[in-house]
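Engineer: Residue numbers (our numbering), protein chains in the order written: chain A, 1 to 226; chain B, 1 to 247; chain C, 1 to 71; chain D, 1 to 369.
Hints in this document: simulated from the structure, not taken from any laboratory.
It is possible that part of the hints are untrue.
Which residues of chain B face chain D? A few of them, derived with a C-beta cut under 7 Å, are [to be verified]:
{"id": "1", "residue": "Arg43"}
{"id": "2", "residue": "Ile45"}
{"id": "3", "residue": "Tyr57"}
{"id": "4", "residue": "Asp61"}
{"id": "5", "residue": "Gln65"}
{"id": "6", "residue": "Ala68"}
{"id": "7", "residue": "Gly78"}
{"id": "8", "residue": "Ile79"}
{"id": "9", "residue": "Met102"}
{"id": "10", "residue": "Ala103"}
{"id": "11", "residue": "His107"}
{"id": "12", "residue": "Lys159"}
{"id": "13", "residue": "Glu162"}
{"id": "14", "residue": "Glu230"}
Incomplete in silico selection of chain D near chain A, CB under 8 Å [stated by the list, open to error]:
{"id": "15", "residue": "Met7"}
{"id": "16", "residue": "Met172"}
{"id": "17", "residue": "Met177"}
{"id": "18", "residue": "Glu178"}
{"id": "19", "residue": "Pro179"}
{"id": "20", "residue": "Pro183"}
{"id": "21", "residue": "Ser211"}
{"id": "22", "residue": "Asp215"}
{"id": "23", "residue": "Arg260"}
{"id": "24", "residue": "Ile261"}
Just so it is clear, CB atoms sit at the ideal spot from N, CA and C, and this is done for glycine as well.
Spelled out from the first residue to the last, the chains are:
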Amino acid sequence: MSQVTVFYGLYGSGKSEVSINYALRLAREGRAVTIVDLDAVTPYFRVRDVRERLLEEGVRVVAPKESIRHADLPVLPEGIRRILMHGEGDIVVDVGGDPTGARVLGGLKDALRPGARGLFVLNAMRPFSRTLDEAEEAVDRVTSSAGLPPGGLVSNTHLGELTRIEHISSGLKFAEALGLRLGLPVVMVGVPAHLKSQEEELAKALRGVRPLYLERYLLKPWEIAE
Amino acid sequence: MNPVYTRPKSLTNVVTHYCPGCTHGIAHRLVAETIDELGIQGRTIGVASVGCSVFAYNYFDVDFQQAAHGRAPAVATGIKRVRPESIVFAYQGDGDLASIGMAEIVHAAVRGENITVIFINNAIYGMTGGQMAPTTLVGQKTTTSPFGRDPGTQGYPVKISELLSTVKGAYYVARFSLHNPANVQRAKQGIKKAFQNQIEGKGFSLVELLSTCSTNWGMTPQNALKWLEENMIPEYPLGEFKTGEGE
Amino acid sequence: MEKRVRFNEDHCKSCELCIGVCPKKIIRLRTELNRLGYHPAFVPDEDQEKCISCALCARMCPDAVIEVFRP
Amino acid sequence: MSESLLMKGNEALAEAAIRAGCRFYFGYPITPQNEISEYMARRLGEHGGVFVQAESEVSSINMVYGAAGAGGRVLISSSSPGISLMQEAISYIAGAELPCVIVNMSRGGPGLGGIQPSQSDYFQSTKGGGHGDYRLIVLAPATIQEGCDLMATAFDLADKYRNPVMILGDGMIGQMMEPVVFPEVLDAASLPHKPWATTGNEGRERNIISSIYLDPEELDAHNWRLEEKYRKVRENEVRYEILHGDDAEWFFVAYGTVARICTAVIQRLRKDGVKVGLIRPISLWPFPDEAFEKVVDRAKGFLTVEMSTGQMVEDVRLAVNGRKPVYFYGRTGGAVPTPRSVERRLRDMIDGKAPSQTDYFDRVGGAKK
Chain A
1 MSQVTVFYGL
11 YGSGKSEVSI
21 NYALRLAREG
31 RAVTIVDLDA
41 VTPYFRVRDV
51 RERLLEEGVR
61 VVAPKESIRH
71 ADLPVLPEGI
81 RRILMHGEGD
91 IVVDVGGDPT
101 GARVLGGLKD
111 ALRPGARGLF
121 VLNAMRPFSR
131 TLDEAEEAVD
141 RVTSSAGLPP
151 GGLVSNTHLG
161 ELTRIEHISS
171 GLKFAEALGL
181 RLGLPVVMVG
191 VPAHLKSQEE
201 ELAKALRGVR
211 PLYLERYLLK
221 PWEIAE
Chain B
1 MNPVYTRPKS
11 LTNVVTHYCP
21 GCTHGIAHRL
31 VAETIDELGI
41 QGRTIGVASV
51 GCSVFAYNYF
61 DVDFQQAAHG
71 RAPAVATGIK
81 RVRPESIVFA
91 YQGDGDLASI
101 GMAEIVHAAV
111 RGENITVIFI
121 NNAIYGMTGG
131 QMAPTTLVGQ
141 KTTTSPFGRD
151 PGTQGYPVKI
161 SELLSTVKGA
171 YYVARFSLHN
181 PANVQRAKQG
191 IKKAFQNQIE
201 GKGFSLVELL
211 STCSTNWGMT
221 PQNALKWLEE
231 NMIPEYPLGE
241 FKTGEGE
Chain C
1 MEKRVRFNED
11 HCKSCELCIG
21 VCPKKIIRLR
31 TELNRLGYHP
41 AFVPDEDQEK
51 CISCALCARM
61 CPDAVIEVFR
71 P
Chain D
1 MSESLLMKGN
11 EALAEAAIRA
21 GCRFYFGYPI
31 TPQNEISEYM
41 ARRLGEHGGV
51 FVQAESEVSS
61 INMVYGAAGA
71 GGRVLISSSS
81 PGISLMQEAI
91 SYIAGAELPC
101 VIVNMSRGGP
111 GLGGIQPSQS
121 DYFQSTKGGG
131 HGDYRLIVLA
141 PATIQEGCDL
151 MATAFDLADK
161 YRNPVMILGD
171 GMIGQMMEPV
181 VFPEVLDAAS
191 LPHKPWATTG
201 NEGRERNIIS
211 SIYLDPEELD
221 AHNWRLEEKY
231 RKVRENEVRY
241 EILHGDDAEW
251 FFVAYGTVAR
261 ICTAVIQRLR
271 KDGVKVGLIR
281 PISLWPFPDE
291 AFEKVVDRAK
301 GFLTVEMSTG
311 QMVEDVRLAV
321 NGRKPVYFYG
331 RTGGAVPTPR
341 SVERRLRDMI
351 DGKAPSQTDY
361 FDRVGGAKK
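Excised from the complex, chain A in its bound form (with noise of 0.2 Å):
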């Protein structure tokens, strides 16, 4: 059955590296995958950077034409209600962050199918979502300008490359705290993958929600091996 996920949350809070692992291992797992960057607010660091990336693995990449790619303007996919009515197969978007990113996606709630599901991705090692209260107002002002009601919480607490198994396992009884008061489930914890190594504590820290590893793709120019 396809399945139409939305992520979205606060600025910097980790949506579009999100998206694209999750889109991903949707692809790899066998099933055919359409990414949409939704972002129309912020300038550096979108999914359209590493369209082609997607595209080597069999991810449908839907995002601004080339040729306005960095413009410095709120500009929408073409085709893009169509995609989201019709589209087949598995629906992944990232939307821009903050209240103000997830406005594009308030203007197109109506192609949005039933079952489409919306996860809010949580970091809380970012400003404005350090604390329940902060996480709470986050949650009720993104949902309600995106005109989407969150279906669960996506656990991504992180800090970059110095990440340790405590950010994950402490980011994920924040989630499940702020879940309990929002009646969400926590469906998914993003987990930086050179973790991946350490299974046994990674296995402790998880208490058995499953982790999306997470490669870094949107990468800072000196990271870029080529």
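Based on these hints, arrange chains B, C and D on the given structure of chain A.
Structural biologist: Same frame as chain A, now just chains B, C and D:
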């Protein structure tokens, strides 16, 4: 002998650089009298602009900042936001305020900045030697409208008080003239109101003062007052255009 | 004799705005020049009594030259 | 959880400014630095500060002039075209000797250019920009943590020398995220007293903030007094980092984002036994000539890498002063040099395959990898 009129304390005791009969001097005096009467000399900060009043800071015995051309309302905003307890006024001419500084004055009014602006309108650029101002009258000859201002190519005079009276954020906008004692007295009351508004936290106040430039108009000071009365007042009607918030 | 109207003659630029508004027409210009090179305005001692202390001259003076008193 | 936070460069600079005692921010939106304004709009009020979005960059920098003159600790930020609009007032601020901190998260130019990262505002930042004889102290962070640390330094230098200080980043520094540890919020009572500020003249002679000196002798004296101040800045405020200064024979010269790229390349090259190092100016003005003195005798050559067509390289040539060859490799307009392309230019230089010093690698068709 009982004093009827004495020199304001808030004026420094120096001879101004203004030409004989220039009504800048009257405007300065009225502002200084107001500062004295309201007892705010120790907490007033002035902003001088670019134009003939560029040296205004030499003539007022209060703290002063000299601003770039047209930017006095922005500078005044910066001062007032740091020191809301201070009384901040900008003193600008028509080139400074109505031409290059149009954005700054309109947006200071839009924000309802709690400042006071004294706007000298003499229908000409004085400092640079008598060029056309945005407020120059139709047909008025200046060095850059030598055949008289032609609306076809040079547009019409800009009416700042009327324009700002449409801005909701502006609290008090009024135009007075300095061409005779009765009008000077009215102008003084308007200026005092504009400062009083700030003390009471009511927001943006602007007082436009119709003024003379006998040197660049090429007249004696007395004839200049007459010319102002006969030519400027019909184009720039006097009065309070806005008192109070809204609309 | 105490003067009703006093001029700070060193600051006067002889613009004559005071002369134009004086209802008693008692303000004149000196034939001598002041330090600024102007003929300063003044009211002759013999006319001080005619001054009605209306202060119109002071209100029009751009250079704050004039102070006015009432007996 | 530890004290580290994951921050975007722009947000981090804003938070660092608040912690350094900044309570006044004036700005106007422009990509790629809007997060600074947005963060300030949200957070400054919590600290009793004031945020104003002005009607233009011109107005916002003049608000800074007023606020700094009134004694406030003031920040403003923009990106290249916006900084161009501010140049007049920056000259006034320097002329009137007012302290403030200006952030430029630069983007590609000239003109409207693009929104991707660039270092082509080096000349504007370090050589003037506005009219007259003045200097900005210009600090260029290469990491977000360093940006935060430099923010406090910038405010202190601004107050110490009564001069505007610029933090020159590029869009990449502003947009990327890294973990940051912030200092505690500075106690407002520890900020320097400013007896020259316009605060109302109750009980003292009046203060006047101005940059006008119509008498040539006076203006001459004023300018030489400023120059004397700048001499002290040159003597005391040079900041730089040298990597592998003890054994390197070949040196990259780069700042900001490009220094990060060069550092990555150095790690790779040194594994192959290539003796390469890096001179990273942190203060772009005053330029760290001193760093070159330390290595020039042993160095065989310098490769300046910039996201410009060659701006800082002029200062590198002045510092090296003909003693050793200085080469240049640049990409512009938001195209960022790749580690691989940088590595190739260094190897070419070592192998004697570099173009002449006055020429450039990839002079035509810079897009070639």
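Engineer: For which of the previously enumerated hints does the structure constitute a violation, in increasing order of number?
Structural biologist: Numbers 9, 12, 13, 14, 20, 21, 22 - these are the hints that the structure violates, sorted from lowest upward.
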